[in-house]
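Spelled out from the first residue to the last, the chains are:
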Amino acid sequence: MEELIDLLKDIKDDVDFEHSTTLIDNRELDSFDIIQIVAALNDEYDIKIPASDIIPKNFNSAKAIYDMVQRLQDEQ
Amino acid sequence: MARIITDYLDHAVLQHGDKCAFADEKEKLTYKELQEEAFHIAEGLIHYGIFKKPVAIYLDKGIHVISAFLGTAYSGNFYSPLDTEMPISRISKIMSTLLPSVIITDEQHEVEAAQFAGNAKILLLEEMIGQDICEEEIRSIVDRVADTDVLYVLFTSGSTGMPKGVVISHKSLIDFTEWGSHYFGIDDSYIFANQTPFYFSMSVFDIYQTIRNGATTYIVPKQKFSFPTLLMEYLAEKHINTLYWVPTALSMVSILGALDSPHLKDLRNVFFSGEVMPTKQLNRWRKEYPQVRYVNLYGPTEVTDVCTAYVLDRDFDDTERLPMGQACRNMDVFLLNDHDQLVKGQEIGEVCVRGTGLAYGYYGDKTNTEKAFVQNPLQKAYPEIIYRTGDLAQWNERGELVYASRKDFQIKHMGHRIELGEIEAAVSSIDGVDSNCCLYNLKKSLIILYYTGTIEPDQLTEQLKKLVPEYMIPNRKKHIDSMPLNLNGKIDRQKLKEMAGI
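As you go down the protein sequences, you meet chains B and U in turn. Counted from 1, the first sequence has number 71 at position 66 by the working numbering; the numbering is strictly sequential. Counted from 1, the second sequence has number 155 at position 138 by the working numbering; the numbering is strictly sequential.
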């Protein structure tokens, strides 16, 4: 989880990834951030996030992103 | 033919009165309703007693902004949209140049608007719409409007940190709109999905092609552009057949693998402009949608929207660059070398433009106007203004224009036109920053900031957010102990580029 937070911080340093559960709902991340995050996750965790998983509820918090990555790692 | 842009709306009301003209997430307006709302707004401005004066529109993006645009035009004044997501400090800079007589806003934004209003009168949309209309009065004002009168002022990034307001007349916009309609064969069957912000010149294509042709535009909720399947579902549901988007938005769909989720059965046209389209992403679109017409358009706000167009007529490798194509009707596009002579062969030169679509210049900014809008150096016998774009290009063997690079430090990031100097000016105003320099990594689409001083990167971001729009915030902020300097004692950009691996 810490590793994931570091990765996210590297992409956007002014977002409170540790605590926020409204990354999308409060527009803390924009479309460019999402593209960068998806690309970084694909690279770092050797997964391929399908378009069907790129939806608000999977990106609203670091925990949600973490769960998605775990699930995709198991599946793929 | 239309003389001023309100003629388009008058015509559409007669032909398509009950048809949906514009729709956003919450509401929609038929042509009749759009005109009625515009009349109310015009009446409010006429009663306030202004004519040929700037009117700032401070509203969230949506259908009522269009009513405010048209209402301002019916009243014989000109509009300038202010982005409600922009930091107040930048809006204040725009205000100090525009000095609007009126700010049209709504109850939701009234308190914010009061912060930067200065001497401008705040008129609330809700109150204006409640007032009576006297159409005769509006018609007598419209009769006084000349096609050379200003229609709007759009502000773009300025290198010294002061945004520049591009002044466009009715005549320029009509010329551009007529070209687009004829060139593409646009009619009332077109359904547009608007992506670009209304303070962006590309949006005038969506808005005025719609009104001229009795078509329909859906204003796509911004959040859809973060989630490609939600976006595609939206486009499918609304039977969208025409996109005029920045390449970043189109690429998002293809990069994230959502081109077929779902497949867009109605799609007929994909137009793009505002920055270079990555050919690799375009090829993915073409593979999924081979029947669609793809068009690469080029032009800065200063030529209304575009001055060249290229309809894709052949295949391109992922590594090949798309041509910008040929000049639009009533536009002459030519390349000048360093000696202000026409280039020969495939020599690279600055893109220069002349024609009806040219802006009058920058609002209240004689110095910058005279730098970019100059006498045609190819003839001195009579006054003739050309616009120097600052873009470098060359002609290929087929006689098509191909983009090369910028002459200066202007960049295109996610379709936004940004002067790196504007970011640098904002950063240098922050306490704890000694010196700074911004670079752009074109390949990765990243704005990179190098700075010296005592402030931490996240603190710097927080301060910077109060000064510039979100899209100007550097994606990487790197603190360094000392700034590399060249022999002249200036910041050594080349050295920094090496450090950044550009």
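It should be emphasised that the hints constitute simulated quantities derived from the structure, not laboratory data. Quick caveat, the model's predicted, so the values are computed rather than measured. Warning: the hint list may mix true and false statements.
What the hints assert, rightly or not - Here are the simulated DSS-like pairs of lysine-lysine, each with C-alpha atoms no more than 25 Å apart in a straight line: (1) Lys304/U x Lys53/B; (2) Lys461/U x Lys17/B; (3) Lys138/U x Lys69/U; (4) Lys482/U x Lys429/U; (5) Lys297/U x Lys53/B; (6) Lys483/U x Lys429/U.
Going through the hints against the structure:
{"no.": "1", "hint": "Lys304/U x Lys53/B", "result": "holds (21 Å)"}
{"no.": "2", "hint": "Lys461/U x Lys17/B", "result": "holds (15 Å)"}
{"no.": "3", "hint": "Lys138/U x Lys69/U", "result": "holds (16 Å)"}
{"no.": "4", "hint": "Lys482/U x Lys429/U", "result": "holds (19 Å)"}
{"no.": "5", "hint": "Lys297/U x Lys53/B", "result": "holds (19 Å)"}
{"no.": "6", "hint": "Lys483/U x Lys429/U", "result": "holds (22 Å)"}
Consistency with the previously given hints is maintained throughout, with no hint failing.
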